[in-house]
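Enquirer: Remember, this note's numbering sits 45 above the position in the sequence shown when you count from 1.
Bear in mind the hints are in silico, worked out from the structure with no lab data behind them. A portion of the hints provided could be inaccurate.
Unchecked claim - Label-pair ranges, simulated between beta-carbon atoms: (1) 413 - 546: 54 to 64 Å; (2) 175 - 124: 24 to 34 Å; (3) 189 - 546: 16 to 26 Å; (4) 60 - 439: 22 to 32 Å; (5) 310 - 180: 29 to 39 Å; (6) 436 - 279: 27 to 37 Å.
Don't be surprised by glycine CBs; every beta carbon is placed ideally from N, CA and C.
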Amino acid sequence: MIFREIGVIGAIALVFGLGSYYATGEAGAFAAANLALGAIAVLVAAAGGLRSLRVAGSPAARRLLAPRLAQLVGVIVAAVALHAVATHAGWRLDWTREERFQPAEATEKLLAGFETPVEMTFYHQGGDPRARRTGLLLRTLARDGRAILHERLLEDTASEADQFGVASSEAVVIRSGDRFETVDRPTEGSIYEALWRLRNPGTRTLYATLGEGEGDLASLSSTGYSGLRTMLETEGFEVRDLVTAAGTSVPAEAGGVLVVGPQRTFSDEGVAALDAYLAAGGGLVALLEPGIRSGLEPLLERYGFELPDGVIVDPPSGAIAGGRVGLHPIASTYSEHAVTRGLSGRTLSLFLEARPVVPARKPEPDDVLRPLLFSSPEAWLAPPTPATLRGDPGERPPGVEPQRWPFAAAGEYPRGGRLSRIVVFGDSSFADNAHLRALYNLDLLMNAVHWVVQREEAIALRPKILTPNQDPLTPQQSLAMLYGVGLLLPELLLILGAIVWLRRRAA
Numbered sequence: 046m047i048f049r050e051i052g053v054i055g056a057i058a059l060v061f062g063l064g065s066y067y068a069t070g071e072a073g074a075f076a077a078a079n080l081a082l083g084a085i086a087v088l089v090a091a092a093g094g095l096r097s098l099r100v101a102g103s104p105a106a107r108r109l110l111a112p113r114l115a116q117l118v119g120v121i122v123a124a125v126a127l128h129a130v131a132t133h134a135g136w137r138l139d140w141t142r143e144e145r146f147q148p149a150e151a152t153e154k155l156l157a158g159f160e161t162p163v164e165m166t167f168y169h170q171g172g173d174p175r176a177r178r179t180g181l182l183l184r185t186l187a188r189d190g191r192a193i194l195h196e197r198l199l200e201d202t203a204s205e206a207d208q209f210g211v212a213s214s215e216a217v218v219i220r221s222g223d224r225f226e227t228v229d230r231p232t233e234g235s236i237y238e239a240l241w242r243l244r245n246p247g248t249r250t251l252y253a254t255l256g257e258g259e260g261d262l263a264s265l266s267s268t269g270y271s272g273l274r275t276m277l278e279t280e281g282f283e284v285r286d287l288v289t290a291a292g293t294s295v296p297a298e299a300g301g302v303l304v305v306g307p308q309r310t311f312s313d314e315g316v317a318a319l320d321a322y323l324a325a326g327g328g329l330v331a332l333l334e335p336g337i338r339s340g341l342e343p344l345l346e347r348y349g350f351e352l353p354d355g356v357i358v359d360p361p362s363g364a365i366a367g368g369r370v371g372l373h374p375i376a377s378t379y380s381e382h383a384v385t386r387g388l389s390g391r392t393l394s395l396f397l398e399a400r401p402v403v404p405a406r407k408p409e410p411d412d413v414l415r416p417l418l419f420s421s422p423e424a425w426l427a428p429p430t431p432a433t434l435r436g437d438p439g440e441r442p443p444g445v446e447p448q449r450w451p452f453a454a455a456g457e458y459p460r461g462g463r464l465s466r467i468v469v470f471g472d473s474s475f476a477d478n479a480h481l482r483a484l485y486n487l488d489l490l491m492n493a494v495h496w497v498v499q500r501e502e503a504i505a506l507r508p509k510i511l512t513p514n515q516d517p518l519t520p521q522q523s524l525a526m527l528y529g530v531g532l533l534l535p536e537l538l539l540i541l542g543a544i545v546w547l548r549r550r551a552a
């Protein structure tokens, strides 16, 4: 009986260990401990069972067990043979919900956009354990002739590697014609960005407003926006400053205007310049904060947007990224729109003390206004008091009804053969250096920019890039904790229930 219980415990530990590994993409302490202890328990149970069989087994019992053992051996042999055939034929099945072992749509679109296949040369040291995973990624990208892959051992090609500036024991050199990019410590995300730089489909000029306390696109701090600027430049935008205080008109070559979290009110001249630009078929992406009157509200209202001055509190989101319960909501409900293409209930976006953006009315019959993503139905609107903005919204007042609130909205306005587009977000912190790469924030914002400048072909979901550890934990790390030690209690309860069931069955 004891060996049967040990075997069940081992099997449960193996299942939870494998589940944690596939959910997080790495063998953390929880996964490693479960896999090791589970394997030991299964081996101990098997050894104990064989010993009992030798001691107490009768010839009749052995004849009864022989066909079942033969079936088990046959299943194992068939599985090994199927694996060998699949490996030889190049078959691959990705059963993960996020399809983490498939290239991102954005990467595939970039590779398909080259006139001739790019060449990827993988330099690594012999015996480097990381080479297997990187090699699998590169072979996946190179399938169907989309790229030509070469592998080189650093110890055999040191001079060649030096020519391309290879600085680590694992690097990829990507070449297209006479241009190349060297990617150290390659991931799909870093390869994607290198492909963008190589492809260079053409540059659009994006003007970022300056002078009203907007977010600093040059700042490397956690509250800066240098990551956003880098990503814009990677995806073919030239970012220039637009000083609005003096009422400078928006240059004619502007593909769009970006407003990131202004802390002061725009001057009348600055608002008039943006108004004239939009009337001429321009595009605007505005990231506005609660509790701050930017001066853009009347302009946006004329284009159909309402911006209630409050903070969305969404209790089901819990406490995440260092915030109180509901103040840093996670959005998982998206409307159908080009900006949200590919986003769904499993591709989440994180906001931090956001205000609602409501598409209230169409200025003209042919205009199109649409919310982009929503809170849960249990969200409510807290007034932007100093206490709320410090992170303490209190309890929902009795007269305030919960409802779904949109975090962002988009508008499209055909005027006399010209097309103006506007996207408004009720938060700017979701795009700062600390949170831009959290969950799918980057995809949501970059796709909004591409849509506004009428470059819809660039809209896609990008490969994820690893986020470094930080305190408070990032959403990725919070989810990793859930899929790690967060599974410990359910695992213990399942083990206890299995033991109780086995003993009652044997009684």
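Enquirer: Hint by hint, say whether it matches the structure.
Expert: Here is how each hint holds up against the structure:
Roughly 58 Å separates the CB atoms of residue 413 and residue 546, a value that falls within the hinted 54 to 64 Å. In this structure the hint that residue 175 and residue 124 lie 24 to 34 Å apart at CB holds, the actual value being about 27 Å. Our hint of 16 to 26 Å for residue 189 and residue 546 is violated, since their Cβ atoms are close to 50 Å apart. A hinted range of 22 to 32 Å is violated for the C-beta pair residue 60 and residue 439, which are about 43 Å apart.
Separated by about 55 Å at the C-beta atoms, residue 310 and residue 180 break the suggested range of 29 to 39 Å. Restraint check, residue 436 to residue 279: a C-beta distance of roughly 33 Å satisfies the suggested window 27 to 37 Å.
In this structure, the hints that do not hold are numbers 3, 4, 5, in rising order.
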